[in-house]
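Number of protein chains: 2
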Amino acid sequence: MRAEASGLVRAVARPQTAGMRQGPDISRIAALIGDPTRANILSVLLGGQALTARELAEAAGVSAATASDHLKQLTEAGLLWPRKQGRHRFFALADEQVAQALETLAGLAATRGHMRTQPGPNDAALREARVCYDHMAGAAAVRMFDSLAGRGFLVVSRESVGLSAEGAGFIAGLGIDTTALTALRRPMCRVCLDWSERRSHLAGALGAALLVRFQAQGWVRRVEDSRHIRFTPPGLRAFSAAFG
Amino acid sequence: MRAEASGLVRAVARPQTAGMRQGPDISRIAALIGDPTRANILSVLLGGQALTARELAEAAGVSAATASDHLKQLTEAGLLWPRKQGRHRFFALADEQVAQALETLAGLAATRGHMRTQPGPNDAALREARVCYDHMAGAAAVRMFDSLAGRGFLVVSRESVGLSAEGAGFIAGLGIDTTALTALRRPMCRVCLDWSERRSHLAGALGAALLVRFQAQGWVRRVEDSRHIRFTPPGLRAFSAAFG
DNA sequence: CCGACGCTTCGGCCCGCACCGAAGCATCCG
DNA sequence: CGGATGCTTCGGTGCGGGCCGAAGCGTCGG
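These protein sequence lines map, in sequence, to chains S and L. Residue numbering for the first sequence follows this note's numbering, beginning at 1 and increasing consecutively. Residue numbering for the second sequence follows this note's numbering, beginning at 245 and increasing consecutively.
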């Protein structure tokens, strides 16, 4: 092969990848989540509760000083929302987007086989029903989503979800004030990717309202210090009847 | 009493928080993405192209040794999909889920502050059509591959590609004896990664037979002392009709 | 067969940062 | 008002890991 042709091939083969100093910086956020202690803190907060610095320190297994340092970093990065109350300081995830990113990473880790522990009975319970920030996740949540979508109550497009008129009526029948939900600043319906089921479940204001309603009616109960959601026997029957 | 670095030991020491230590390990994946060099590599690969280790090293601004180390880690974690071809080794994102996670993180980072972007490709003469070993490469070859795959003539899995029954009929209609190809020792269909397009095109016995057929029918002509392939005007029309 | 090229491995350097104890603020309580 | 409690800040320490040059394979080209 001649020199010219060879050189031309090389020129083609070399992509111009220099000068990439713009765009979202994923490494800063990912590095924050990448520390095991901070990841534990975020995982605990994924349960949706606001916890104090000391509680998070104990949950993560580090000293108060170390936890405080981590919480400062996470807060300054905009991942946490601190609320000072008396001499306590409560921390929660900043918003739903943070929770969604964490769930997405969890899904990615799950399919690559990066698990913290061997799958056991507790893990199976987590897969069935758990809290994802402020709404329900797991197999039951996916069943609910599919049921709502299958009956036309949810209008699912590629990336967005909306509540149909019939859906609004159905939700109202469950005892949820849908007009009040529209008054909130957050979107009514959002999809969240379930890490265990690898399918969509319902998030947003409606997803949160449903979980609150389920708890208020005694359909479900949250397990202490865990993301587990346990169905009561009558609650499971009612849930299955509503979303079977 | 200094706490052990292992999260597992800590979980044992504080059983009250054991419930949190289940599910996927977010921190492993996030820590991988959290390194700026690795994040740059992943961001470049988010463009969809498969790039060599050297190209990724240049893009990330590190030595080949450093890039190789990072690529090894990302590959072992299941985030990248390496393809050995000749003395090159091409890396691409493992699957769509990885891309989705990166996009989610990018979105999170964007709403929190920091920005960055990635560059566009480069244009050259040989991009349209050229010889790759014994088959055709370039944009035209990629169009042909996509056309065959889109009509179900080629059954494409991740690492292998096969000719469907309908595909065999279509190929026979082009004047190629498919039964003779199966008698050859070399595999009928193989995927080859396109230099310029960074996407798959058809190699193997069928890829070679197609190029021979195109030349025999006067659709294309090879340029002397070059890898360039020039379409004749009627040849281009016929090719577009067959694989448009 | 030899040289060029692409990539990986190896050894060593060194910076970053997670971690802690103790001290420093803030807040609530008796 | 002390004294207890919750949280943060401050030095200091140690480890992990990112980085490179050089050497070690494998592949391609002549």
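Think of the hints as simulated: they come from the structure by calculation, not from any bench. Hints should not be assumed to be uniformly reliable.
[Stated by the list, open to error] The following label-pair restraints were derived from C-beta to C-beta distances: (1) L:E340 with S:A149: 30 to 36 Å; (2) L:S408 with S:W81: 25 to 31 Å; (3) L:D313 with S:L236: 46 to 52 Å; (4) L:G396 with S:D146: 25 to 31 Å.
[As the list claims (entries may be wrong)] Here are some of the chain S residues that sit facing chain L, going by a computed Cβ distance under 10 Å: (5) I29; (6) D35; (7) A139; (8) S196; (9) R199; (10) S200.
[As the list claims (entries may be wrong)] Computed footprint of chain S on chain L; a stretch qualifies when at least three of its residues, placed anywhere within it, have a C-beta under 8 Å from a C-beta of chain S: (11) 274-284; (12) 319-329; (13) 342-354.
In this text, a Cβ means the ideal position worked out from N, Cα and C, and glycines have one as well.
Going through the hints against the structure:
Against the hinted window of 30 to 36 Å, the Cβ-Cβ separation of E340 of chain L and A149 of chain S comes to about 22 Å, which falls outside the hint. Distance hint check: the CB atoms of S408 of chain L and W81 of chain S are about 54 Å apart, inconsistent with the given range 25 to 31 Å. The beta-carbon spacing between D313 of chain L and L236 of chain S, approximately 51 Å, falls within the hinted interval of 46 to 52 Å. Take G396 of chain L and D146 of chain S: their Cβ atoms lie about 29 Å apart, and the range 25 to 31 Å holds.
The criterion of a C-beta within 10 Å of any C-beta in chain L is met by I29 of chain S, whose closest approach is roughly 5 Å, and the hint holds. The beta carbon of D35 of chain S is positioned within 10 Å of a beta carbon in chain L (closest approach about 6 Å), and the interface hint is therefore held. The beta carbon of A139 of chain S is not positioned within 10 Å of any beta carbon in chain L (closest approach about 14 Å), and the interface hint is therefore violated. For S196 of chain S, the interface hint holds, the least distance from its beta-carbon to any beta-carbon of chain L being 8 Å, beneath 10 Å.
Of the supplied interface hints, the one on R199 of chain S is violated, with its beta-carbon coming no nearer than about 13 Å to a beta-carbon of chain L, more than 10 Å. The beta carbon of S200 of chain S comes no nearer than 13 Å to any beta carbon in chain L, farther than 10 Å, and the hint placing it at the interface is violated. Counting residues of the segment 274-284 of chain L whose C-beta sits closer than 8 Å to any C-beta of chain S gives 10, which meets the bar of three, so the coverage hint holds. For a cut-off of 8 Å, the count of residues in the segment 319-329 of chain L with a CB near a CB of chain S stands at 3, and the three-residue condition holds.
For the segment 342-354 of chain L, the stated coverage by chain S holds: 11 residues have a C-beta nearer than 8 Å to a C-beta of that chain, and at least 3 were required.
Hint check: violations occur at hints 1, 2, 7, 9, 10; the rest are consistent with the structure.
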